[in-house]
Every structure is written in C-alpha cells, then in structure tokens.
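Hey, can you work out the whole structure from these sequences and the hints?
If you're matching them up, the sequences are chains A and B in order.
The first sequence begins at 1 in UniProt numbering and counts up one residue at a time.
The second sequence begins at 1 in UniProt numbering and counts up one residue at a time.
Be careful, since some hints might not be right.
[Claimed, not checked] For each label pair, taking beta carbons as the anchor points, the in silico distance ranges come out as:
1) B/ASP179 to A/PRO118: 18 to 24 Å
2) B/LEU182 to A/SER26: 17 to 23 Å
3) B/ALA38 to A/GLN169: 39 to 45 Å
Treat the hints as calculated values from the structure; they're not laboratory data.
For each residue, glycine too, the CB sits at the ideal point set by N, CA and C.
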Amino acid sequence: MGLLNFTRDPVPEAVSGDMHNLIQLSAQQFSALTEVLFRFLTEPKEVERFLTQLSDFATMNKISLGPLKNIVKSILLVPNGALKRNLSSEQVRADFIALGLSEEKASYFAEQWKVNSPTLTRLAVGQTLMINQLIDMEWKFGVTAGSSELEKVGSIFLQLKLVIKKGSQLENVYVELTLPQFYSFLHEMERVKTSLESFS
Amino acid sequence: MAALRDGDFGALQILLKAPSKDAVRQLCQECFSSPPAALGPLAQRACPGLAVSAQEAEQLVSALHNLTRHVVYRGFNRAEDILGLFPESFHQNLKNLLTKIILENVSTWRNEAQASQISLPRLVDLDWRVDIKTSSDSIARMAVPTCLLQLKIQEDAALCGNNPVVSALTVELSKETLDTMLEGLGRIRDQLSAVANK
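Shown next as structure tokens:
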C-alpha cells in the first residue's frame with residue numbers, strides 16, 4: 001500500500017479485508033449505507049439512532065450485524081482522518097482506492113464527502129477547546145431610588161448575568177455596571193467585533 | 001445610617017475647643033467617611049488635638065458623623081436647609097462654620113456614598129485580546145478568530161472595607177457569541193435611550 005493521505009500510521013490489517021467485503025454490496029446498498037454513515041458524522045451525538053439504522057440496514061440486506069459493524073469501523077477511519085487533515089475529495093477517493101475499494105464506490109463516497117465537508121468542518125471547529133466559554137448573557141437595568149445613605153438617588157444601574165461553561169459545568173457570574181461603564185463596555189465590544197471581522 | 005439624636009448638638013459645641021478652622025474641616029471629613037465601627041479609634045486620635053476627655057471626644061465624633069451623614073442623606077445643598085437643623089441656642093459662629101464646611105463637601109460626599117453603596121459585584125476593568133486558532137486535536141489546520149475577554153470584578157465594597165477583593169475572570173467568545181452579545185447590548189442601549197427621552 002502506498003502512502004495514504006488520511007493517516008501516517010499503519011492501517012490495521014482488517015481494513016483491507018473489510019474494504020474488499022464491500023464488493024458484495026450493490027451500488028444502491030452502498031449508497032444507503034453511506035447515507036447512514038454521513039448522517040451519523042454530521043450528528044455525532046445520535047449514537048442510538050446510528051446503531052438502530054445500522055441494525056435495520058443489516059436486517060434489510062440480510063447481512064450479519066457483527067461483520068457490518070467492523071466494516072463500518074474501517075470505513076469511518078477515512079473521513080475522520082480526512083477531517084483532521086483538511087483533505088480534498090480527490091485525496092479521499094485516492095485513499096479508498098488504495099485501501100481496496102472499487103473506483104465506483106470510492107468516487108461515490110468522495111462525492112458525498114465533498115457535499116458534507118463544510119458541515120463536518122464547522123462541527124470539528126466547534127469542538128475545539130474553549131476556555132470559560134460564554135454561553136449566555138441575561139440583563140436587567142433599573143433605577144436606584146434611594147439607599148440607607150442617600151434618601152433620593154435616581155441613578156441607573158445595569159446588572160448582567162453571564163453564563164459561563166467551566167469544564168463541563170455552567171457557572172453564573174453576576175456583575176453590576178454603571179451607565180458610563182456600560183457605554184464603555186459596548187464601545188470595547190464593537191472594537192472587538194471589528195477586529196474579529198478583519199481576521200475572518 | 002444613624003439619625004441625628006438629641007444630645008448631638010450639645011456635643012458639637014465641643015468643637016469650640018478646636019485649635020483651628022482647618023482642624024474642624026479635617027475632623028468633619030474624617031467623621032463623614034468613617035464607618036460607624038471605626039468612630040471609636042477616630043475619637044481616640046482626635047482626643048489630644050482637642051484637649052478633651054475620651055468620652056467627650058467620642059460624643060463629638062459620633063455627633064459630627066450623624067450630622068454630616070444626615071445632610072448627605074437628605075440631599076441638602078442650600079445653606080438655609082443646613083442652618084435650619086441647628087437649635088436656636090447654638091453658637092452662631094460655629095454654626096456658620098460647620099454649614100460652610102458641609103456645603104463645600106456635600107457633593108464629594110454624595111459621590112462617595114453612591115460609590116460605596118451596596119451592589120452586586122462591580123465591573124472595574126475590562127481587557128480583551130483576539131487570537132487566531134490555528135490547530136487543535138480535532139482539526140490540524142484552521143484559522144478561526146476568537147476573543148478572550150478579561151473582566152476584573154470587585155466584590156461589594158461594604159463587605160471588604162479597605163481591602164476590596166478584585167477577581168479576574170477570563171471568558172472566551174466565538175464570533176457568533178460576540179454578535180449575539182452585541183445585539184443584546186444594542187437593545188439595552190435602545191431601551192436606555194427610550195427611558196432617558198421620556
């Protein structure tokens with residue numbers, strides 16, 4: 001096997017055998033299986049659904065579930081590696097052929113890869129580590145009418161509740177701002193936006 | 001906030017023993033700014049300068065604290081309002097001096113009271129930085145800008161006395177989150193304008 005695009009590590013032995021077994025699937029069956037795979041890749045949290053759909057596929061096409069799962073595991077190696085390395089559909093196609101998949105099926109999969117890759121890339125970027133990610137912001141503002149030290153006040157206050165993700169837990173942070181601080185905050189955030197936009 | 005008590009004006013006349021007008025001015029400022037718990041030590045410090053007993057110093061300091069805080073509480077900014085507080089029998093010159101000193105300071109004192117009023121933790125500083133994420137364990141190459149925002153938050157001043165606790169919180173925002181936040185801030189600004197224009 002020549003150099004593969006999607007990985008630098010040696011590929012497990014079983015993969016060749018699994019790719020070869022896909023010859024038994026018709027173009028239509030391969031297309032249905034590919035659909036199930038991409039639906040899972042674009043919604044990786046739906047594990048239950050994925051397993052159910054695989055099981056249904058196995059039943060409908062009279063294939064044993066065990067071997068099917070192994071085949072699927074092998075197939076998924078390629079899109080996972082391709083996503084990490086920003087591979088083009090050409091490179092994905094080449095890798096499948098190198099692994100032993102027929103040209104027709106490899107081209108079909110590569111085509112589906114091209115169609116789905118924007119979504120998949122966005123997902124991968126979204127999974128990138130974020131420190132203390134800001135999830136939500138709630139606010140209220142009002143007027144301080146009086147206090148124990150000042151009978152009549154009439155000053156405006158703004159209270160923000162920031163919901164922050166610390167590790168796997170959510171934490172609420174409460175902050176109060178005066179009016180000048182609010183305008184200053186707004187001004188700074190607009191500067192950040194300009195900066196972010198210039199880099200997009 | 002302590003209210004003016006009956007004995008207060010009697011105690012204030014102890015100021016007639018003060019060495020100078022500046023000493024009176026200084027004492028007024030210290031008595032206003034001091035929280036009730038710190039009045040004892042303040043009285044002890046004032047004692048020698050006034051040549052009075054410890055007990056008299058305490059009564060004086062307490063009375064000055066009550067008077068200055070009362071004026072600020074009511075929001076008096078005219079001489080007549082302050083003069084009106086003193087009883088008929090009060091020493092005229094001292095009354096005028098005290099009124100003058102209080103009038104000079106009332107706006108600063110008001111700001112001081114407002115700055116130290118109870119509140120949620122306050123935002124005292126804001127810094128930010130924009131980073132470009134170039135790589136991660138899930139994607140080898142990318143160019144995703146992200147914003148790190150550092151908020152310096154001070155706990156309630158009243159709880160910390162002279163050593164306010166300031167904590168720094170660093171928060172990360174994606175471009176989408178920032179856009180949503182700006183939308184929210186824009187709405188706050190519009191609502192504030194609507195309230196201001198009523």
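Hints, one by one, checked against the model:
1. B/ASP179 to A/PRO118: 18 to 24 Å: Once the Cβ atoms are compared, 20 Å apart, the range 18 to 24 Å for A/PRO118 and B/ASP179 holds.
2. B/LEU182 to A/SER26: 17 to 23 Å: Violated, at about 53 Å.
3. B/ALA38 to A/GLN169: 39 to 45 Å: 40 Å, holds
In this structure, the one hint that does not hold is number 2.
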